[in-house]
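Asks: Protein chains in written order, with UniProt numbering: chain A, 1 to 514; chain B, 1 to 310; chain C, 1 to 364.
Hints were generated in silico from the structure; no laboratory data involved.
Treat the hints with care, since some could be wrong.
[What the hints assert, rightly or not] Here are the simulated DSBU-like cross-link-like pairs (lysine-lysine), alpha carbons at most 30 Å apart as the crow flies:
1. A:K398 x A:K442
2. C:K290 x A:K368
3. A:K368 x C:K238
4. A:K398 x C:K238
5. B:K90 x A:K398
6. A:K398 x C:K240
7. C:K240 x A:K442
8. C:K290 x B:K120
9. B:K120 x C:K238
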Amino acid sequence: MQRVIEARGITRIYPGGTVANDGVSLVVRPGEVHAVVGENGAGKSTLMKILFGIEKPDAGDLLIDGREARFEGPRDAIDRGVGMVFQHFSLVPSFTVYENVVLGSEPRAGARFDRAAAIERVRHLSETFRLKVDPEAQTRTLPVGQQQRVEILKALYRDAKILILDEPTAVLAPQEVDELFTAIRTLTAEGRTVIFIAHKLPEVLEISDRITVMRAGKTVGEVVAAETSEPQLAAMMVGREVALRVDRSTHDGPRAVTVENLTLKADTGVTLAENLSLNVHEGEIVGLVGVEGNGQAELLEAVAGLRAVSSGDIRLKDTSLTALSVLERRHLGLSSIPEDRLAEGLAVESTTAENLVATRLDDPRFAKRGLLNLRAIRAHATALIDRFSIRVGGPEFKVGTLSGGNMQKVVVARELSEQPVVLLVNQPTRGVDLGATQFIWKSITDARDKGAAVLLSSADLSELLALSDRLVVFYHGRIVAAFRNSEALTAETLGSYMLGADRMDDGQMEAALR
Amino acid sequence: MIELLTAVFSVTFFVTVIRASTPLVFATMGGLISDLSGALNVALEGMMLIAALTSVIVSAYAPWWVGVLAGVSAGAMLGAVMALFHLRLKADIILVGFGVNILATGGTVFALSLATGGDKGTSINLPSKAIPRVNLPFLEDVPVLNLLHGHSLLSWFAVLTVVAIWYFLYRTPWGLWLRGVGEYPAAPEAAGVNVRQVRTWALVASGALSGLGGAQLAMFNYVGFTRDMTAGRGFIALGAVLLGARHPIGALFAALLFGVFEALSIVMPNLFSWIPGELIQTIPFVVTVLALILLSIRAQRALKARGVAN
Amino acid sequence: MNDKTALRLSTALREGSRALLALVIALLVAFLLVLLTSDEPMRAFQTFLTAPLGSARTRGLWIDDVAKLTLTGLAFSLVFQARQFSLGVQGQVYVGGLFAALVALSPIGQTWLAIPLGMLAAMLTGAAYGFLPGYAKARFGASEIVSSLMFNYIAIRVVNWVTRAHLAPEGSGQLSSPDFPDTAVFPALIPGTRFDLGILFALIATGVVWFLLYRTVWGLKLRLVGDNARFAEYAGIKSKAVMVSAMTVSGAIGGLLGAVYVQGRAFGRIDIDFDANLAFEGILVAIVAKNRPLAVPFVAIAYGYMRQGAQFMGLRTDVPTEMLAVAQALIILLVASQFNVPFAKTIARLRGRRPGGKSREART
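Turn these sequences into a full structure, and let the hints steer you where they fit.
Replies: Laid out in structure tokens, this is it:
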């Protein structure tokens with residue numbers, strides 16, 4: 001049997017003592033699509049980083065084309081024909097597509113960078129592998145799906161025989177996924193090997209030839225895609241039956257938030273959202289569906305008071321929010337779980353207690369006449385640490401010392417410590433493990449059941465479908481469809497609206513927009 | 001007023017502007033290179049000062065061009081030191097920069113005193129040399145072209161440098177690397193470019209360019225070293241990088257603008273003896289602050305014009 | 001409560017020992033420099049290490065430096081905690097000093113109001129001067145590093161001009177104002193020395209800054225803005241207002257230092273270029289103290305001692321005072337970097353090499 005990659009007994013222990021890979025083995029054959037599946041934290045990413053030379057294994061052997069490989073860095077991996085496309089793209093935004101593709105191995109004419117040759121080669125690659133993208137476009141203007149193609153082109157330009165794709169579908173709409181799969185099939189037809197990391201099983205079964213399942217840092221087994229099924233894979237991945245089940249809302253409260261003809265613009269003048277109108281009622285979750293960058297995040301920022309409104313109105317009950325500060329909105333009962341906890345949800349050099357009280361600095365319990373009540377702040381923190389079971393040494397410990405899941409719990413604890421009237425949530429479970437996901441979902445639905453009006457945005461369609469009572473679809477800053485959630489509603493239906501292939505007229509949306 | 005205008009529209013004034021601008025242009029290019037690589041170099045001032053002293057001391061014992069080279073090497077070495085502390089030992093680049101500046105302020109006086117046997121103010125006792133002036137006598141009487149007559153050799157080299165830096169940044173692969181490293185280091189990193197190496201070279205180049213500026217200052221603008229002779233030029237250069245929109249040609253014009261005002265502060269005392277010298281000396285600094293603020297206001301206006309609220 | 005104190009203690013110990021290590025390395029390098037350059041290295045180094053303790057007068061000079069370094073260190077710590085690289089303390093010292101001098105030289109100078117009003121005037125002008133680059137940044141986005149430095153150069157030149165042309169006795173050619181009346185000069189705490197009210201004000205300022213930063217809402221907001229400005233905005237804190245107010249309060253401390261300068265016993269008048277660059281050395285004090293106000297006076301004591309030692313070494317031996325710059329730069333670079341592991345090895349190597357250094361000494 002031919003093996004393009006063979007990993008034996010790979011073990012990687014991180015400095016903190018976490019065993020990320022524990023005697024993992026992986027066999028990949030030439031020309032196949034090989035999926036590696038497992039829950040978050042199963043060790044897939046670490047294994048891939050070892051294959052690409054970013055991490056060095058503490059034990060075990062890696063063979064590429066039957067020859068031993070010891071990578072000191074990605075450069076070595078690239079030299080041996082391994083390429084990797086990360087979930088977070090590494091593209092310079094102001095560069096053109098061809099500049100990004102050739103960066104680091106530019107065609108040269110003497111000391112000069114040969115632009116014409118670069119453009120030509122990128123165009124040629126893009127045609128050969130059916131990865132359609134304009135070589136001379138500026139990267140920051142491209143949609144996510146095309147940026148991903150640029151990443152794949154980067155690897156192909158470096159003559160990658162083995163292509164590792166790390167959760168490539170996580171950021172794509174269903175139709176874009178189809179285009180990606182077409183490209184993957186072209187790649188294998190041209191003799192390249194693709195390693196595909198994922199946790200969405202239907203996609204895995206559709207695209208891959210064989211599947212390696214990982215759980216808790218170990219290889220559980222290898223199966224042929226045609227001979228397995230979704231439940232079987234799921235059981236292998238989790239080791240037990242786990243169903244993240246969420247009960248639908250039973251409430252039918254009065255209207256809480258009204259967004260009316262809202263238009264938002266970026267600093268550069270580009271329109272981010274146009275003429276948005278939607279309502280959220282007490283005790284329901286409204287899911288904002290859309291490929292990232294179509295205006296959902298901007299809507300949340302505008303409601304939170306972090307983004308100026310160009311025209312239109314946002315009302316909470318009968319109060320217009322547009323002229324109010326962030327703090328005034330918070331006083332009216334607005335809470336917000338932001339997209340990126342490190343960038344805007346936490347101050348990592350400050351203590352847990354300080355982070356937990358940061359949004360309540362004018363609450364007389366914690367501050368009187370400009371002075372802090374340290375005892376009350378500490379007691380508040382201790383209570384929340386207990387209630388949300390945050391694993392931390394104490395209120396005085398810096399937030400930066402916590403794990404990702406516990407950091408996210410600090411954010412959730414702060415925002416849900418008191419029952420909100422309106423709750424804004426963006427990507428609540430990105431990069432957190434299954435246990436924390438369950439906990440966070442429960443916290444959100446609890447808040448809903450106590451009457452909060454929730455606006456939820458997520459890149460994960462299954463999360464949106466699991467949590468939302470109603471869904472609105474964004475495309476190019478406009479609402480193009482609205483649904484009441486039901487068992488009949490599928491990701492594919494949403495997908496056709498997310499990509500702008502379809503749109504509802506106002507009459508069709510009316511019922512679901514209430 | 002008439003006197004001022006006649007003075008300003010004279011060939012001598014033009015020569016003064018170019019003389020005043022040359023150190024600024026070099027320092028600005030140095031600031032630009034490191035800024036584009038993602039490391040704000042606040043040590044331009046200290047690098048210039050140390051290079052100025054080095055070139056003065058060396059040129060006292062060697063040909064002028066060896067003095068210049070010594071200044072350049074001193075600047076480059078300081079750049080390497082900054083790279084060591086910032087990139088390897090993970091110190092904040094601004095703090096490292098101020099470490100270098102503090103070293104320069106006192107260290108140059110210390111070294112000067114060692115080199116001269118006790119002088120702490122100036123190098124008047126050192127027979128240091130000057131950078132040659134490029135005289136083009138046949139142009140002296142030709143209108144307009146006579147403006148080319150009588151500049152420092154390094155002023156001509158400065159023009160070449162700006163063009164070379166532009167070519168480097170926008171026409172060579174290494175320029176692409178440098179800009180990529182500054183804008184989004186993860187991208188070149190993933191493409192196998194050694195980000196730390198690129199930044200190290202950027203800091204070294206930044207130091208070498210500031211070194212050229214220091215050499216010009218102490219071997220042409222003035223011949224000899226005086227304590228604190230850079231007098232804020234390194235920081236003005238930092239302002240010029242911002243004002244020039246982080247582009248070599250823009251930065252060149254910003255440096256020339258500041259050069260004009262420095263030249264004004266040089267010629268004004270002769271014309272207006274009633275204005276106190278101290279106040280005239282503030283001109284370059286006031287202009288820098290105003291230019292920074294005007295630049296920012298203009299940027300905001302541009303945004304508003306495109307229809308953004310607030 | 002116990003684990004909290006233990007945590008703080010261990011952090012303080014770890015960082016304190018790092019600072020101490022940096023100091024030792026800097027001293028070693030300074031010693032090496034003296035060895036290489038001096039004809040009488042042992043005497044020079046002895047002067048450096050012991051002279052400040054020599055007499056009541058020299059101890060007064062040291063304490064005077066400690067007071068001034070504490071104030072400038074506090075001013076820098078405050079803006080650094082808000083992560084603003086505003087470097088305008090020097091300019092604030094000059095404008096503050098000028099206005100304190102104007103009060104002292106006015107008829108008020110003859111009354112008991114001279115000291116409190118002089119200080120108040122200095123703090124107000126210092127605050128205004130600190131506000132300017134802050135406002136330029138918050139309103140227009142002008143880089144505070146560049147603008148605050150430009151403001152320094154402007155202040156020094158303008159204040160020098162006023163001093164020379166308007167405060168100095170006319171036609172005297174002096175570069176300083178006449179001496180202030182006794183009522184306008186800080187009384188000495190120990191007669192005949194520079195040990196005056198300045199140190200008291202510095203300690204009070206330390207307590208005030210600590211209280212502001214760690215016990216008030218404003219202080220917590222300032223620290224949160226310094227930690228993550230985007231998060232602060234998201235939490236409803238007006239980060240721009242906090243930045244500007246931090247620079248303004250820091251400016252008031254800078255201005256106060258100006259008053260301590262001109263009204264202190266060291267001067268009792270205003271001279272041109274009176275701060276001799278001390279104001280800038282607050283950067284060093286703040287960095288070594290990790291911007292923590294309660295650590296600032298301790299760093300000022302140690303650093304002030306080195307500073308005075310270097311002064312005496314410059315006066316009494318053939319090693320110039322400015323040699324200290326090398327030690328200063330090293331301390332900044334070492335404290336700012338993470339040198340835990342690699343430098344532990346270097347130290348071990350340095351220790352191993354010390355005999356080599358001594359043989360060099362024997363040769364000279």
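Asks: State for each hint whether it applies.
Replies: Now the hints, each set against the structure:
1. A:K398 x A:K442: holds, 26 Å
2. C:K290 x A:K368: holds, 29 Å
3. A:K368 x C:K238: Since the Cα atoms of A:K368 and C:K238 sit roughly 19 Å apart, the hinted pair holds (cutoff 30 Å).
4. A:K398 x C:K238: holds, 23 Å
5. B:K90 x A:K398: Holds, at about 21 Å.
6. A:K398 x C:K240: The given pair, whose Cα atoms are some 24 Å apart, holds under the 30 Å limit.
7. C:K240 x A:K442: It is violated: about 37 Å lies between the C-alpha atoms, which goes past 30 Å.
8. C:K290 x B:K120: violated, 33 Å
9. B:K120 x C:K238: violated, 49 Å
When each numbered hint is compared with the structure, violations occur for hints 7, 8, 9.
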